[in-house]
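*Asks:* Spelled out from the first residue to the last, the chains are:
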Amino acid sequence: MSGPLLKIAHLSKRFDGIVALSNVSLSVHPCEVVGLIGPNGAGKTTLFNAIFGFIRPESGEILFRDQNLVGKRPSQVARLGIARTFQDVRLIHHLTVLENVLLCFQDQPGERLAPLFFQQKWTRTVETANREKAMALLADVELTGHADECAEVLSYGQQKLLSIACCLAGHAELLLLDEPVAGVAPQMLERILGVIHALSHDGKTIIIIEHNMDVIMQTCGRIVFMAAGEKVAEGPPDAVRNDPRVVAAYLE
Amino acid sequence: MAAQLTANIAVLAAGYILIGVSFGLVYRVYRFLNVGHAIPYVAAPYVVFALQGLWDMPVWLAAGMALLAAGVLGTLLDQILFRTLRRRQAASSVLLMASLGAYIVFENLVALIFGNDVQSLRPGATVQSIGWFGAVLTSAQLVVVGGAALVMLVVLVTLRFTLFGVCYRSVACNPALARTIGMNSERVYLKTAAFGAVLAGLAGILISNDTHMEPTMGLQALLMGIVVVIVGGREELAGCIPAALVIATTQTLSAWQSSGQWHAAIAFLMLLVFLVFRPQGFFGHPLKKAGI
Amino acid sequence: MEYMLHIAILIGIYSILAVSLNLVVGHLGLVSLAHAVFYGIGAYAAAFVALRLDLPFPCGVVSAILLSCVLGVLVGAPSLRVRDEYFVITSFACQIIAFSVFNNWPQVTGGPLGLPGIPPPGLLGWSLSSKWAILVLTGLFCLSTLLIAHRLVHSPFGRVLKAIREDEVFAEAHGKAIAHFKIVTFVISAGLASMAGVVYAHYISFIDPTSFTLMESILVISMLIIGGSGSLGGPFLGAILLVALPEALRFVGLPSGVAANVRQVFYGILLVLFMVFRPQGLLGQYAFDAARDKA
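Protein chains in written order, with the numbering used here: chain P, 1 to 252; chain V, 253 to 544; chain W, 545 to 839.
No lab work stands behind these hints, which were simulated from the structure alone. The model shown is predicted, which means the values in this text are computed figures rather than measured ones. A virtual CB, placed ideally from N, CA and C, is assigned to each residue, including glycine. Please note that a few of the clues may not be correct.
[To be verified] Short derived list, chain P residues pointing at chain W, Cβ under 8 Å:
| # | residue |
| --- | --- |
| 1 | R90 |
| 2 | I92 |
| 3 | L95 |
| 4 | T96 |
| 5 | C104 |
| 6 | G110 |
| 7 | A114 |
| 8 | F117 |
| 9 | F118 |
| 10 | K121 |
With the sequences and hints as input, model every part of the structure.
*Replies:* What follows is the structure, encoded as structure tokens:
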């Protein structure tokens, strides 16, 4: 595949007079791991929300494999092959760990009325197959022991791992991870990093928002620095880290 | 004809404003549909009825005592039932259903004591008719209109210029923040409950005086109050005025053309349309559906 | 004995209503005060088909279900645009508008006078006029409601509903078309509820708007609250309690004038007590969730 997987061009968004995104352009190529850094309020999560369709930009376009994402509903964006985690870990606490992952599979016949009532055998077969795949995903994040427990009993770090597993259930090609290691203990941080590295190895394209510079330096091939809604700098990790504009923005 | 129609609209709208303002006052702070608000609305006219019937009390004294009773009832309901649920951080649906239960109990107690039939506040009294620019209004209707104007003024002045008004608006806007800066939100709830209940009682007395009363009138009135507050805009109580006028006008004109049977449907269709397409009402800031 | 059969039929009718409402209230987590609309649509459709169109019973059932499903879309549609706490309001607005239509359209609904003389249901040549026959019919409808609801809830579809109930954003972000799931749930809930109306119309043989008021919707949701929403046994238990207990009061010997009021007082007290001491109901899994208010 030649061109970029995700192409954002001149994206702008205001909220009641506050500029959230200002003329942001960014291209992400397949199998890249891109880090998105910047002070709080820089517009990083807003960018994720715009890609996913939770907010609608005033101008600009977002192309995913030549499909324009602007104007699409989040569920449509997800079905195209993009998945995300959230800064405040979102999960369904009333469902078990396994059920959370099962939920995220696409094209389940059991979610449609006709197969559910009239093609019960097929529905059951797919559900069983999904269960196995889900257990495999849980094994990848080392959560199989908790499969039948409610998601709310997991520790914070385990919940973050679960939310990554949920992203993988949907066969997404592009993963948007919003602060995947923020607030977790060092051991868990290593585990999560390991999962991210494995994903990158498997050919997934990943954009990570993080404040932890060590993690960014270790994982990302390219870094994008945002501040006040604008893209300020972009390039290989060392170059960006030493960029005077980046240093200035952090010190301000 | 036009003058009479206008007069009818004014009276109808005034009634809606009376109910709407009292309901809206409480709704902004409670943030749930307090069906129990209909309790003081029903209680006050029945207290007047009882006092006049039992002891032939003059109307101003009976009304005063009825308003006191209304205030007490509203306060008790808040302190005994709602405060308990508030402390548990109960969902708004729980508060709604609890208030509904309380109202059902009260409405039926009233029916058990006074009977299910329609009653009149001053049986046999002659009703004064007043001619005004070609329209005929009864004295009771004039009182309703006057009462509505007075209540609207009192409430707006209170909220704008008193200390209570400031506390009220803070808690209505952002209860958590208000608590953080040291405001005693419980006291605001208490005072709002009392004030709102008294206003509801006043609305009940004035409207029953003009028309009639029966135990089930509370829910009907409350529903109209909800329509007026939502269409007018929850954030700004003055919005009750244009909302009440629009609804009253539509209802009166349609009754003039066909018959009055579609009164309720018209009001609630308007409510539906506003809620779906303009949930902030006439005034008020755009509300966001759940987002991230 | 006849009296016990009557109570059993009523319990059956209300169970259908409660179980179907549970799909929206318990599983989607939306408070709907519009359920009597579908009850009424079912009853009026069945009555109209039998009386005015003179068609056999199954036609009445089918038209009741279809009409109710269409209205289910209308009642459910606002849930896509308004915040959950306002959905209560749109639902009772729909209820009141529907009541107005039932009351003010004499050509179709008979207006306030209603539709008398509805024939008993005829199935395969038999006329089901005895209470036993009606009870069996009610039981069949009730069973199919339970089976359909059970299948829906314990399935990937039901899993999505649980997700939507707790966190719509998460569900959307993982590819679930919220609007589709919500509307489908409303449609099924409405269609099932209409069957209760069909039975009611043919059993009582006379219907009028006073059976399908806002208070009726409130009664059904109270059954869910008291019995417990979110489970299948809960609504059933709630229906039994709220039909049987007030009937038990008949035997206490109250003068008939006050009986209705006393029953309501008792019912209101139950509501308050449950909301204060056991909001999840007797068999329920979820109480109404305060977290949703902040969404």
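*Asks:* Name the hints, by number, that the structure is in violation of.
*Replies:* Result: hints 4, 7, 9 and 10 break, sorted rising.
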